[in-house]
Amino acid sequence: MPRQKRSRHRLKRAVAPYLYLSPSLLIIGLLMLLPMVTVIGYSFQNSAVLRRDPSFAGLKHYQAIFNDPVFWASLWHTLYFTCMSVVFHMTIGMVFALMLNSDRINPTLRNVLRVLYILPWLFTAVIIAVIWRLLLEPNGVVNSVLMQMGIIGSKVEWFSSPETALHAVTFANIWAGYPLFMVSLLAGLQGIPKDFYEAADIDGAKAYQKLIFITIPQLMPIIISISLLDFIWTMQVFPLIWITTGGGPIYSTEVLSTYTYKLAFSSYNLSQASASAVVILLISLGLTLFYIRYQKAR
Amino acid sequence: MRKRHTPKDRLITVALHVALAAGLFFAAFPIYWMLSSSFKSNTEIFALPPTVLPKAFTLEAYAAILGDPVKLRFFFNSYFVAGAVTVLTVLIALLAAYGFSRFNFRGKGSLNTLIISTQTIPPITLLIPFFGLVVSYGIFDTYVALILTYLVFTLPYAILLMTGYLNTLPRDLDEAVAVDGGSSWTALWRVIVPISLPGIVATSVYTFLLCWNEFLFALTLTKSTSMRTVPIGIQLLMGQHAFEWNQMMAMSVLGSLPLLLIYLVAQRFFLAGMTAGSVK
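Taken in sequence, the protein lines are chains A and B.
Start counting the first sequence at 0; every next residue gets the next number (numbering that gives the first Met the number 0).
Start counting the second sequence at 0; every next residue gets the next number (numbering that gives the first Met the number 0).
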């Protein structure tokens, strides 16, 4: 190749990747990064969005939020909802994955069950919410079966009494979310070299010892990264709670996302809602940083 | 080889199968209940004792949904928006993935990290500025607003998924094009796209599902009944008809059909997409 042509070719190679990436970067920049800056801006304005020339508010809206007991209740509910969900997603996912991976069941049954166990994952949050509302209706099937078995004496209003509502939405979310763990752990289990178990067999290891000393340590990277992602995503859950309880009764299932949504679109206090949205963003970013560090260290 | 015939061993096998059955009940009963309720009359749904199989099997709920143009519009909107976003996302993501997979350039690592981290941005945080933007550009309550919004959320996943796929393809083929004097653009369309179909399908499936499931933005950025999507439609149904549970369940079944069909037909692609966000 003549020198001139070669250098032009090299220039092309140097510019090309940026051209290929430009549509994506433009969209992410304009519609994701810029709005993030905007929302931070809103949180420092009075009557953001609603007025053309909003005045500077300083930290007023943040103070308002931190002085609002409902905000702290929402934070606590979010934490409870998220922690319980992640722990049970992991436990159920692990148990199901280990059961499906056992060589005691025949391969056809295994494949059929694998398909069926994933089912809850295929349904949209709204539909999951509607299904659980039907199941947990005061006159619904869960109450009638529990009463027949003598476990409860009278009809429980699962979603509309403050004592049970948070547990009920958490339960529905646990049901909806375990398959991510199950699928990932099942893939992880199949990646553990068979020699490890054979060596342990020769040493006379018991089943539980193999679980504790081989299986779990080998799955640890998957467990940690999925838990972090699950934590971040569960923290942001909106539709499930919005449709089952709407954050009620008496704020007993209010989480950060429903709290923020109501501030913005029921009270039209978009400035204060922005402050709350920024708080959620900061929590998420903190966890994301942690996640990325972990992924890189791996 | 393990011994399989001791009584203790057989007991473990039996216990495992009992546990599997319990697991199956936990996973599938709520879905079965939705399905069976959609074929019941509204009075039978709350009959005591509950009927496991519909006693008087009826399609009245489905007829009510499918005979109502307002509800059919929800489905049209969902398919239209999800379809449009899928085409756009896959195209844009393919280009970006090609850039990531086949070139080395300054800032590659940080851009990659940026894209990974955008996956975890809380939707509620973007909702308020989007609302502001959509209103000020006069696209409130339009398809454009939904399509642009969904594009932002699907793009990061799609780029990661496509890049992962392209990285598994050998470079010899596109290098051969370069040796023949072809540009990288030629290599992309002549060589890469034809052999990336599985990756493209997986990305499309996942993108479609993300859009099909979206609730928060559809709730906030649209207003008129004719612009609502299926998830919002279900919520509206719940408010309007004072709990026509059988219709709500029929609508849920119809709203889940695309996901179920894709899952059953293309399980491999489906799982590849669903776990893409989490596993590198």
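Do not take every clue at face value.
With a Cα cut of at most 25 Å, we get these calculated SDA-like pairs of lysine to any residue [as the list claims (entries may be wrong)]:
(1) Lys209/A x Val144/A
(2) Lys107/B x Leu15/B
(3) Lys209/A x His16/B
(4) Lys209/A x Tyr136/B
(5) Lys261/A x Gly247/A
(6) Lys205/A x Lys107/B
(7) Lys205/A x Lys222/B
(8) Lys154/A x Val144/A
(9) Lys209/A x Trp75/A
(10) Lys205/A x Lys7/B
(11) Lys222/B x Tyr136/B
(12) Lys7/B x Gly247/A
(13) Lys7/B x Gly57/A
(14) Lys154/A x Ile173/A
(15) Lys107/B x Gln208/A
(16) Lys107/B x Val36/A
(17) Lys11/A x Ala175/B
(18) Lys295/A x Ser100/B
(19) Lys154/A x Asn142/A
(20) Lys7/B x Phe212/A
(21) Lys193/A x Pro106/A
(22) Lys11/A x Leu172/B
(23) Lys295/A x Ala175/B
(24) Lys261/A x Lys11/A
(25) Lys209/A x Asn142/A
(26) Lys261/A x Asn105/A
Which residues of chain A face chain B? A partial, calculated answer using Cβ under 7 Å [claimed, not checked]:
(27) Leu97
(28) Phe195
(29) Phe237
(30) Leu281
Just so you know, the hints here were simulated from the structure itself, not pulled from any lab data.
All C-beta atoms in this analysis are idealised placements derived from N, C-alpha and C, irrespective of residue type, glycine included.
To see whether the hints hold, each was checked on the structure:
| no. | hint | verdict |
| --- | --- | --- |
| 1 | Lys209/A x Val144/A | violated, 39 Å |
| 2 | Lys107/B x Leu15/B | violated, 49 Å |
| 3 | Lys209/A x His16/B | holds, 21 Å |
| 4 | Lys209/A x Tyr136/B | violated, 61 Å |
| 5 | Lys261/A x Gly247/A | holds, 12 Å |
| 6 | Lys205/A x Lys107/B | violated, 48 Å |
| 7 | Lys205/A x Lys222/B | violated, 61 Å |
| 8 | Lys154/A x Val144/A | holds, 11 Å |
| 9 | Lys209/A x Trp75/A | violated, 38 Å |
| 10 | Lys205/A x Lys7/B | holds, 14 Å |
| 11 | Lys222/B x Tyr136/B | holds, 16 Å |
| 12 | Lys7/B x Gly247/A | violated, 51 Å |
| 13 | Lys7/B x Gly57/A | violated, 71 Å |
| 14 | Lys154/A x Ile173/A | holds, 23 Å |
| 15 | Lys107/B x Gln208/A | violated, 44 Å |
| 16 | Lys107/B x Val36/A | holds, 23 Å |
| 17 | Lys11/A x Ala175/B | holds, 17 Å |
| 18 | Lys295/A x Ser100/B | holds, 18 Å |
| 19 | Lys154/A x Asn142/A | holds, 6 Å |
| 20 | Lys7/B x Phe212/A | holds, 23 Å |
| 21 | Lys193/A x Pro106/A | holds, 18 Å |
| 22 | Lys11/A x Leu172/B | holds, 19 Å |
| 23 | Lys295/A x Ala175/B | violated, 33 Å |
| 24 | Lys261/A x Lys11/A | violated, 51 Å |
| 25 | Lys209/A x Asn142/A | violated, 41 Å |
| 26 | Lys261/A x Asn105/A | violated, 51 Å |
| 27 | Leu97 | violated, 10 Å |
| 28 | Phe195 | violated, 16 Å |
| 29 | Phe237 | holds, 5 Å |
| 30 | Leu281 | violated, 10 Å |
This entry does not satisfy hints 1, 2, 4, 6, 7, 9, 12, 13, 15, 23, 24, 25, 26, 27, 28 and 30, going by the numbered hints stated previously.
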